[in-house]
Every structure is written in C-alpha cells, then in structure tokens.
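Peer 1: Based on the hints, put chain L in the right spot on chain C.
Each protein sequence line maps, in turn, to chains C and L. For the first sequence, UniProt numbering gives the first residue as 1, with consecutive numbering after it. For the second sequence, UniProt numbering gives the first residue as 1, with consecutive numbering after it.
Simulated from the structure, these hints should not be mistaken for laboratory data. All C-beta atoms, glycine included, are put in the ideal place defined by N, C-alpha and C. Don't take each hint at face value.
Pairwise CB distance ranges (calculated) [unchecked claim]:
hint : chain 1 : residue 1 : chain 2 : residue 2 : range
1    : C       : Gln318    : L       : Met84     : 53 to 59 angstroms
2    : L       : Lys11     : C       : Tyr66     : 49 to 55 angstroms
3    : L       : Gln85     : C       : Asn247    : 49 to 55 angstroms
4    : C       : Glu286    : L       : Glu344    : 52 to 58 angstroms
A few chain L residues facing chain C, derived, Cβ under 10 angstroms [unchecked claim]:
hint : residue
5    : Glu42
6    : Glu121
7    : Ala219
8    : Ile307
Residue strings, one per chain:
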Amino acid sequence: MVADKTQEKIILDVENLKQYFNEGQRDEVRAVDGISFQIFEGETFGLVGESGCGKSTTGRSIIRLYHPTAGKIEFDGEDVSKIKRRADMEHFRRDVQMIYQDPYASLNPRMKVRDIIAEGIDIHHLATDVDDRNQQVNDLLELVGLDRSHGTRYPHEFSGGQRQRIGIARALAMQPKFIICDEPISALDVSIQAQVVNLLMELQQKKKLTYLFIAHDLSMVKYISDRIGVMYYGKLVEVGKSEEIYNFGVHPYTESLLSAIPLPDPEHERTRRRIVYKPAVNDGAERELREISEGHFVYCSEEEVPVFQKKLADKKAQTEKVEV
Amino acid sequence: MEKVLEVKDLKISFDTFAGKVHAIRGVEFDLYRGETLAIVGESGSGKSVTTRSIMRLLAKNANVDSGTIMFKNEDLNKKDDKAMQKIRGRDIAMIFQDPMTSLNPTMTIGKQVAEPLRKHEKISKKEAMNTALELLRLVGIPDAEKRLNNYPHQFSGGQRQRIVIAIALICRPEILIADEPTTALDVTIQAQIIELMKDIQEKIRTSIIFITHDLGVVANVADRVAVMYGGRIVEIGTSEEIFYNPQHPYTWGLLSSMPTLETQDSLYAIPGSPPDLLDPPTGDAFYPRNEFAMQIDTEETPPFFEISPTHKAATWLLAPQAPKVTPPQEIVNRHQHFQKIMKERELVQKKLREV
Numbered sequence: 001m002v003a004d005k006t007q008e009k010i011i012l013d014v015e016n017l018k019q020y021f022n023e024g025q026r027d028e029v030r031a032v033d034g035i036s037f038q039i040f041e042g043e044t045f046g047l048v049g050e051s052g053c054g055k056s057t058t059g060r061s062i063i064r065l066y067h068p069t070a071g072k073i074e075f076d077g078e079d080v081s082k083i084k085r086r087a088d089m090e091h092f093r094r095d096v097q098m099i100y101q102d103p104y105a106s107l108n109p110r111m112k113v114r115d116i117i118a119e120g121i122d123i124h125h126l127a128t129d130v131d132d133r134n135q136q137v138n139d140l141l142e143l144v145g146l147d148r149s150h151g152t153r154y155p156h157e158f159s160g161g162q163r164q165r166i167g168i169a170r171a172l173a174m175q176p177k178f179i180i181c182d183e184p185i186s187a188l189d190v191s192i193q194a195q196v197v198n199l200l201m202e203l204q205q206k207k208k209l210t211y212l213f214i215a216h217d218l219s220m221v222k223y224i225s226d227r228i229g230v231m232y233y234g235k236l237v238e239v240g241k242s243e244e245i246y247n248f249g250v251h252p253y254t255e256s257l258l259s260a261i262p263l264p265d266p267e268h269e270r271t272r273r274r275i276v277y278k279p280a281v282n283d284g285a286e287r288e289l290r291e292i293s294e295g296h297f298v299y300c301s302e303e304e305v306p307v308f309q310k311k312l313a314d315k316k317a318q319t320e321k322v323e324v
Numbered sequence: 001m002e003k004v005l006e007v008k009d010l011k012i013s014f015d016t017f018a019g020k021v022h023a024i025r026g027v028e029f030d031l032y033r034g035e036t037l038a039i040v041g042e043s044g045s046g047k048s049v050t051t052r053s054i055m056r057l058l059a060k061n062a063n064v065d066s067g068t069i070m071f072k073n074e075d076l077n078k079k080d081d082k083a084m085q086k087i088r089g090r091d092i093a094m095i096f097q098d099p100m101t102s103l104n105p106t107m108t109i110g111k112q113v114a115e116p117l118r119k120h121e122k123i124s125k126k127e128a129m130n131t132a133l134e135l136l137r138l139v140g141i142p143d144a145e146k147r148l149n150n151y152p153h154q155f156s157g158g159q160r161q162r163i164v165i166a167i168a169l170i171c172r173p174e175i176l177i178a179d180e181p182t183t184a185l186d187v188t189i190q191a192q193i194i195e196l197m198k199d200i201q202e203k204i205r206t207s208i209i210f211i212t213h214d215l216g217v218v219a220n221v222a223d224r225v226a227v228m229y230g231g232r233i234v235e236i237g238t239s240e241e242i243f244y245n246p247q248h249p250y251t252w253g254l255l256s257s258m259p260t261l262e263t264q265d266s267l268y269a270i271p272g273s274p275p276d277l278l279d280p281p282t283g284d285a286f287y288p289r290n291e292f293a294m295q296i297d298t299e300e301t302p303p304f305f306e307i308s309p310t311h312k313a314a315t316w317l318l319a320p321q322a323p324k325v326t327p328p329q330e331i332v333n334r335h336q337h338f339q340k341i342m343k344e345r346e347l348v349q350k351k352l353r354e355v
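Okay, chain C solo, but in the shape it has when bound (with noise of 0.2 angstroms):
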C-alpha cells in the first residue's frame, strides 16, 4: 500500500515522547517513556499492547488531550505541543480526528445523528446553509454505508457496528489527513468488526487517510496495518514491517505476545506453545531503538543488536527451508 519508498512523506514525527502522569509525586507512573517513531502519509501504523501499556495514552498525548511531559510531535512539519494561537489549534484538530473503542459511550445520547455528525461542521462555519449542512451529513452517511434517513434518529436505535459509522462519519466530516483509530473494533462482534475494518481500508484508498491504528488484537492489526510499533510499559521494543514483525518478531516480548494469541485452527492450537516473557534485569546497559536491518527497529543495547540481526537470519532461514 505504501507507494515508492522515496516519495514518503513523514506525516507524523514523534520523538522521544514521554507522557508522565502526577509527575514528581511519589506515585509517578510514566504511561509513555520516550518513545520515537515516524508515520508516512497514506499508511496505517498500528500500535499494539497490552492493557496498561501506554497505547492509548499515547494516542492522546498527539491530538494534544494532555501536555506531553517531554519530547517532540510534529504533525505536517509544524510542532503540536507548541501551538497557542488559537486559530491554529482549531486547524490542527480539523486535520487530526479521533475514533474511539467504544461506540456506546462515544455519542451524546440526547443529539441526533445528524446534528452529532454536523457538530464539527458548525463549530467550524464548514456549510454555508442550513441545506449545505444537511446535503454533507447526508453524503457522509451513505459514505460510511448508513441511510440518509437515519440522520433523524437518536443513538440508542443503532447496533454497536451502526454507531461505529456514526462515529467514523462524525471524524470524516472534518475532511481530516489523519485519524487515530484507539481501538475501534474491539467491543464489536466478529461479524462486524469485518465490515468496519472494511470500510475503515475503503475510505483510506478514497480519501487518501493516514491511521494511527491502536489494538491490542493482533491478527487484526496485523491485517489492516503497513507498519506494526509493539509497546511495552510505556516503551516502543519493536518496530518494523507488519509482516516482518509478525514474521520475524525477535524482541522477546514480540514473541510472547504472538505466541498468546489463539488462531481459529485446532491443530495450530494443539502444537502451539506459549512463550513466557521475563523482561530482562536492568544491567546498566543503554537501551534504544536500534535498527537492526531495513525498517525494522528493536529495543536493545549497542552490544544485543549484532544478537538479534542473528536470531532475525536465523528466523527468516527457518522459515524458507520450511517452504521448500
């Protein structure tokens, strides 16, 4: 999906980010502990955790929901956590739009479909008249698959896939560059989280949309992403290709979280073996993202990166004397 590598464009640079929480106190908790990592524009960039992980914060911390402790985001060349103006900042917010997990919670249940979707066309004067405004809720909706009729209805008379739409409508009326998906298929059913990762594919190509895609699913991930971050306690360990991660994974706890995951395959589940992550004892050494080979970045000391380039040939031999 990703065109020529020297034609990418870096829509988002985030650079040693962290995002700490009562800083100072004793019950400091540092969700996001400096973590770099760029997104191309038109790709998807999933973003996957465990609970508690740093996933969503982080996805916060971008569309500026809290004032990142430290490091650097520059969204389209221009540093976020510097905007003031205000006219800026409302720029800003129309370009980034944020889907969220759960499609219940999500939607003021005392609005109108129409009126939720329009919301953002009205705080920024996008219709000239009241019939322009309606003629973009109404293209919205079919956009994302709805009826125009349902522009009249409250959210309680939807499904949780139906008000998944609404909210992807709601994000699309901005006519924005980038969309932090955070975990917006996790509370659907299987059935429907098939459609809505479908649509979600469908309006990228249309709209030329970049998503920062945060799950904690990781076939799904795997799936619908071009690049894959895997995080752990507030830091980025893995980076890379999302086949190549899902591959080739080498960080220890990479290889852990794919070996949890069941696959609808009873003879893969009798031979699968889960693999138990044992973070490994702070020995003073100076760990960062490193690049191990082309686009594939993982946590570890100057000394471990010869290891893993290693255990990454190793991996890739293995696999290829399999198929042949």
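Peer 2: Same frame as chain C, but now just chain L:
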C-alpha cells in the same frame, strides 16, 4: 459416553415494552462427562440466555415457553427455588465474564472462596478455610496463605479471575459454565487462564460449557462446538468438524471474517446485522444475510441434516435437492484440509487392521 446434561426443545421469551422477544427458539444439545462444549455466536444469539436458564438465573420478565433440561434424571425447569439453591454452586457452577464485578468488594477472598462449602456442606470454618487455601494454591495465587485476608481490589484482573475459578470449583461441580471468562483479559493473561482451566478439568473431570465469541479460543479449548444464531443452534459437531468441515453458511462467514496468517486481500464480512428477535423471520433466520439463500430459506425453517454421527447442521443447502454451491475460498481450503486428515486417518486404520 455418559451424558451429564440433556437440553431439549428449549424455548425462552422475554416480555418487554416493545413486545415479546423470542430469545431462544428451540435449542437442543447434550453435554458429556469430562468434555468441553463451546457455544459460539454473536451478541444476541442467545448463548448466555441458554446457560443462564440452566442455572435458572433468568430475569423476572423471562418465560420458559417449553423444553426440558435434564440433569441427574430430573428436569431443572420443574425444580422450585429452594431445590435450585442446592444445585447452584454445588452441582453446577458458573464463571462470569467480568472478574471486576463478580467478586464482593467488602469480603475477604478467603471467605468468598470458602462460602459455597459453608453453604452446601456441614463443615467447620477452619476446615472450609483450609480447603479454600488449597484451591487458591491450585489456581496459582502466589503466597495464598498470606492473601486469604486480602480484598478483591488488592488483586490484578487475571488473579481475580483465578479467584472466581477457585470459588466455582471448591465444591467440585459436575458442570462448570464459563460465560466469556477471558473476554475482559489481555491475550497473555487469557492464555494463562485457559491453560489453568484445562489443567483443572483434567484433575477433577468436570464438564465445561464454554461461551465465547472468539473462535481462536474455541479452537484451543473445545472438544465439541455449537454455533448459535438467532436463538437456535445452527451447527454442532466436534471441534475438528466445525473448523475443517463447516457446512452452515453462517459458520462459513464467521470463519472467513477472521484474518489468518495468510489473509492478503479484502477480508470477508458477513453483510447486514443480526435478526430482530421481537419479530423473528420465518424460515432460516440467517437468510437475509446469506448469499447462498434459496426460496425455501424464506419459507421454512431448515431441520438438522446429519453429516456424521457427531456433526449436524440446520441449512437447506444440505438437502438432497439443493444445488451445489462453492463456499468462500477460506472455507474451500479448510474442506480440503479436512479431506486430507480423513484420508490419513483411513490409511492409519487400514494399517492397524493389517497388523
């Protein structure tokens, strides 16, 4: 194999302001000793209502319109509340989805684990506590002795689910009903809890009814699988038969809408949404979403067609007059795999006979 539970022609409806909701429309299944039966289906398909009716834990507006639930040669539907209280927790126990809300926050966990024993058996406090301690060790709570006097909030989500399992198992029930026991947990914790349940099942030979919507989990735990849709079981068979030789179009849809390692192009999505059980469609409830639907699907409810002695599915596609259809690619692959397994098995059988 010995049957522990036999459910026949179960029909349950709920009175609501909007009218009668027909949640269960004729469910039948057996549960054998020591097996794990998984019930899968999306929300509203009736899987939780089925199991709650076995425990007789349905809301006040529920009516059991017909059906029998035979347990130890007695119909649970005919028991009065007093008799049910003796069965719940002792013969049939239940684990709920959310370990955060199913424990009492004001009681120490030692007391909570020992409670079923104290209620059901004449046993001293001390003895009950000792058994509780044993159970907590069995489910893998570290330092169990010290933690007997702790409260639920002092434990993590995974640990709380372990405690809930300990409570359910302390009377060594014949049947354990697990209603989405791992849905609220992370994958790594989920894997631990499933391993624990399998391990314990081997030790005390309980039968388990495992409700979930995660087919991956089903593939891991189940001996047999029942697929529910619109208040009915639409396909039931051994785990191998359901995953490698599925016959109902809904099962096809479920299996192909999950990405596997090989999924490359667009994911298959079942169109539409689940049926409205206020006014259930005549015929096959799945027909509005079924691309293989025929005229008869809109008119008559399909009966069960037997594929093997252990495997049956309710779809008109299996009728002798039905046209042959090609299922989605993902399913074709699975069917091919099934044929391969069967062939290999035949060869082994042949060799065994020769020997």
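Peer 1: Enumerate the violated hints, using their earlier numbering and listing them in ascending order.
Peer 2: 6 and 8
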